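Engineer: The chain contents come next:
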Amino acid sequence: MGKYFVRRLIEMIITLFLIATATFFLLEAVPGDPLSERADKLAPTLRENLYAKYGLDKPMMERYIITMKGICVGDFGESFVYAGQTVEGLIKDRLPVSARLGIQQVALGVTVGLLLGVLAAMKRGTIADYLVIALSVLLISVPHLIFGLLLQKVFAGNLQWFPTIGWPAGKDLWFGGWQYTVLPTLTGCFTYIATYARLLKTSMLDVINQDYVLTAESKGLSRIQVIRRHILRNSFVPVITQLPMSIAMCITGSFFIESIFSIPGIGQYYVTAVNNQDLSIIMGETVILAALYIVVLFITDLLYVAVDPRIRITGKGR
Amino acid sequence: MNKFKKCMALVLTGAMAFSLLAGCGGDGGTQVSTAGGNGSTSGQQINLRAATFGNNYDVQDMGWRWMMAECYEGLMRNVADENGDKFEFAGAESMDVSDDGLVYTFHLRENAKWSDGEPVTAHDYEYAWKRLLNPANAYDYASFIFNVVGAEEYYNGTGSVDDVAVKATDDYTFEVTLKVADPTFQSKLVATPLYPTREDIAEAAGDNWGKDWTLCVYNGPFAMTALVEDNSMTWTKNEYYWNAENVKLEQINWYCVPENATAATMFDNGQLDVLDASGEYIAKYEQKAENGELQSMDVEYPSTGMLCFDHKNGGLSGLMKNVNIRKAISYSIDREEMVSAVYGRYSAAYGLVSPAITFDGESYRSLAGDVIKTEYDSYAGDSAKLKELFQKGLDELGVTTPMSDIKLTLLSYGSTTENQLEREYIQQSLQQNLGITVELNTVGDSEMFIAKRDALDFDIFVSSWSSDYNDPMDFLNILTTGTYSSYGLYSNTEYDNMANSLTGVQDSAVRLETYKNMENKLLVEDCAVAPIYYADKHFYYQNWVQDFRTSSFGASQELYIAYIDGK
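Protein chains in written order, with the working numbering: chain E, 1 to 318; chain F, 1 to 567.
Chain F with its partners taken away, still in its complex shape:
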């Protein structure tokens, strides 16, 4: 026993000694694959921040768009500047569409290469598209190409992969046949699930495909060259890229910085070149941008925040069935005040489709106008009129409960300051303007929120939609019957018919008219949802960053033409 004690004492002493040593510190000063911006070989480097890193290099999975759009490339590239989003040919040089709008023939760029020097061919596209549809892979975006002949059948197990009408007719010609003509098809071409994938490489990686970056090849302007998970990542210029001579940046250093405060400190020091700011940081950097210490870029982002109502049971109160009650709720919220007081960014929404969505090259919003603005203005801030509207709804439902006894439940989640302000602002607005009681039912995370929402345990909840492709239809479609269960289960035959009437229609005037009618039906006639804000993004970047771009559907920070000058 005595011996044992001595041993333990020795171990203890050893541990203490080691602790002391370890505690002393010193400077190893050796290569550390982390921040600091040292070891630069050329001035053409840019340092960027991401709040989280993904771990997904499989383009079909679209897990990580901001990375994929830079390290990979599809048929087209989406870029935006002050004048809005535009599509440019990238992997394809040109595209022919048959007169009936069914057959798309892409003529691929013959000088496009993968980072191992192999050419990018039409077979890579064919393999990728078929891979996307393989039901065993369960890709979220498989439905993007369900309109291709044979695609949905293959996905549902009723058809064969050989009957999917995507075909490499030769090495550089890729042909796709659609079931019905669809002008929105083109706007999906910039989405990463439709990017090419090398069959030999993907098959060799097997189950590890997309999970290990070292097993991948890249065909974009940059290629991944280093990664420390949740810490840092390096992209180096891809010398095999077809347009490499016009890519000026040699290296891109990404840092994973979850804390906004840390990112701001790094940006202030010049350790970060670009900052995607939100909340209180916007005010700070806006001032600096005005003084010329920084450059700034505000861009619309294709996302709209809205209040949703229970259309199935009318909510816990049963009142949400009535359109006048929904309108009274919607018009009780001062959107202008809310975006400045709660979010400190964004803009007030009086329509569903985001202004970032373009139609025939113009912002859809400028074509369709602010659909609920007129009616909103006639009630805004007038508590008596709003109460009258709400009472009218109660009378229509035959409810005799006085308004002061009415209780509505607002379901929400999230614990950030913004989340809290948001729900409290809505609660206050409704209570003050309508004299009703709004109870907050706040849950911890999105999973619990979804469970409560699907159990219809609410009257109202806050939600948002971010668009996947550049067409108003992607917004309007969220409220067609049976598409999603996540926007209050609105169901209206007339609305569905309008959406269906567009199948195969290529005439843009007809499409625009139908879109306008749909939005009108949805918001003015039915008040199916109450749009609150259109999202946007605020980028601040150092004066030495030139030609920095962004985009709604491609890379949020587009770097292939950016360069550093004057650092």
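Bound-form chain E, shown alone:
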């Protein structure tokens, strides 16, 4: 077990190094630089000075070494576009905002999705089943932007039940200001409802036809007991595969939802940084998101073991 952890840790560091290197050189390969738009309307001497100030006048390899050194000590540098913005600041101020939004979306979306999935599987071929599937297709094919604007227009605009924009801050950051979070949470949770309803239904239908379910039923177990003890547990492997990934994705923010509801999260900022070719911020966010995904993949592997005793993490016999 200990060996396994060490091996995964080393793999993780190598992966992160490769990702950082690839990101750096890919960004270098893109034409233009973060200052080119700003420097476009500057006289030559002013332009030289500006590039020198941000260190962009140095040769590429020198900047690569500076960047990698910085990453090693957790210093990604300052934004080229927004004075004073740092990756550390983003993690501290913006990640919690996106994380709360994401967790609420996943919590609500996955709960409702799983319930609908069970319903669809147990009542397969009935109106309820068709409704759930039709709803899933609808929810998954309509983009966030449309849902967000629609909900906003109706519930914040016409009915005025909820605030149009905004997000809890300060002491309400995690548990408070719920009214601000309702519409953004709803907007985002639809995708999860659709995904998980279909996922669980498909997986349950596989299990329902297995012999051991028949055996369980023939033993005289009640319908609820059969579902709970035998069907659900065995249909959970695909869900477990998907869930940590959903969580990782959701806490990294959603550009559209954050932008519609003016939520100061990390998703909006990441897209802006990419548009601006804001090197230091892109590097920082990419490395941190990559680290997050790697950790999540690791957790997923551990979860398999918890759910399905047939899977072993070491791959060797006991």
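Please keep in mind that the hints were generated in silico from the structure rather than gathered at the bench. It is possible that some hints are incorrect.
With a straight-line Cα cutoff of 25 Å, these simulated BS3-like cross-link-like pairs (lysine-lysine) come out [to be verified]:
(1) K567(F) / K153(E)
(2) K385(F) / K321(F)
(3) K321(F) / K53(E)
(4) K41(E) / K385(F)
(5) K171(E) / K211(F)
(6) K92(E) / K211(F)
(7) K312(F) / K41(E)
(8) K130(F) / K53(E)
(9) K58(E) / K69(E)
These numbers were taken from a predicted model, which means no experiment stands behind them.
Given chain E, put chain F in place with the hints provided.
Structural biologist: Below, chain F without anything else, positioned relative to chain E:
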């Protein structure tokens, strides 16, 4: 192993339980520093929208003009109403200019104060101007005062800061000496890079200066009091402001709303008091304004959109060298139709200098007229004549390729509907009127666009210039040799000479005549660029907003005299 599994199961259950709890919602109903317009202590509050927030409180950097012009104040203030832009004394009470136009003496207002109660003195101006010129700071607008004696030398490292001729002769007298007389100098005084900065405060903040609003002091009508990045911001009336008794608004709430649709919903609900509308929203609100449900204000904005040509190599086709070909391209575009079909706002441009630019108090355009209109009208919509003009250019170049085989490349970027309509409109216009092929080379963002443009990978591209100060020269100067590489590298000695001939000239009649000649040379003789539109801004505001102003070179939404009545 079994134990481990149990642990994991527990963790899972816990996570699920937490999820359920979190999903339930409820109403905390506590103070939330966000939208809603609650907790108002006085009716004198206004709610405004910005599509993006900056994060820059350093006036020398001019990162964030709409904020800086309200929370800070310089020697003069720029405001505009129906009658156009005008400058008013603000930090200065009066100004003396020596007869030779070289020495400017500003008499500062003795009752001007910073938000911590300290007086605004001439030393704050001296420090700020020298700070602007410090090469280590690499400020974009340092060149604004290169005409000050010793300034350019200091910036380039050949002179000392002590030789820069900006001086606080006493606490309330600020003296500036120019190298050569320059009437445009005055129009730069409203620009935020020339605003004062407190030495003690800025030095104490060190590297964090301008990056953290809590470290700043303000000398404008309002002061920043709260900020949630990319979300909301509050300005409160600055009680120390010299003219505070005439500032009626107590609080200004800014919301960062990137989506136009969201902003429109908020404006419809009365959650926003002012909306800076564009595109399809203009038609919607214009109707409401006509019905008296809203007030509206259309203002010219000092920016002109234009087609630029490759003057260095003549473009990928090599044809852009010929003036008749450039003219045939320029006159193939129906500007009136384009502004209404593509932009849904703006006005057709037949000159380079925007109508928002004034000269001796009058719109420069009314003085100079529509320079290319006559020639444009003689070709407009007449495909045969346009083809003839283009063919004439081909003959002059000795090109024998038939026009139907000619291919031009239009370089552009941007993915908004407007960007797409713009390039397609130009492509269609040229193809239909000239019978040539126009290929679109569209790149993702401005950085890539600049890289392609600088590699001369185009025949034509769309660009625009937004002016930094109120003088025709700021427009005409973009095409003098070596100033910018971003307008097609036009270079003409005669044109440069005309621009240089104005150095030190104070006579406004001579200046006006030269400006007219320059614009004529540029557009009628050479067709160096093809102006397409003059930009404008459409503001809609609620009926309860009174005395709302705007300006071209100061705050886009000027609030120091605005107030709320009848809400």
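Engineer: With the threshold set at 25 Å, check whether the alpha-carbon distance from K385(F) to K321(F) stays at or below it.
Structural biologist: holds, 20 Å
Engineer: Can the restraint linking K130(F) and K53(E) be considered satisfied, given a maximum Cα separation of 25 Å?
Structural biologist: holds, 18 Å
Engineer: Does K53(E) lie within 25 Å of K321(F) when you go C-alpha to C-alpha?
Structural biologist: Answer violated: K321(F) to K53(E) is near 38 Å, above 25 Å.
Engineer: K58(E) and K69(E) were given as a pair; does the straight-line alpha-carbon distance stay at or below 25 Å?
Structural biologist: holds, 15 Å
Engineer: CA of K92(E) to CA of K211(F), is that 25 Å or under?
Structural biologist: Distance ~17 Å between K92(E) and K211(F) Cα, so the pair holds.
Engineer: Take the C-alpha atoms of K312(F) and K41(E), compute the straight-line distance between them, and say whether it is at most 25 Å.
Structural biologist: holds, 19 Å
Engineer: Going straight from one Cα to the other, do K171(E) and K211(F) come out at no more than 25 Å?
Structural biologist: holds, 24 Å
Engineer: Within a Cα-Cα threshold of 25 Å, do K567(F) and K153(E) meet the stated pairing?
Structural biologist: holds, 23 Å
Engineer: Take the C-alpha atoms of K41(E) and K385(F), compute the straight-line distance between them, and say whether it is at most 25 Å.
Structural biologist: violated, 37 Å
Going through the hint list in order, the structure does not satisfy hints 3, 4.
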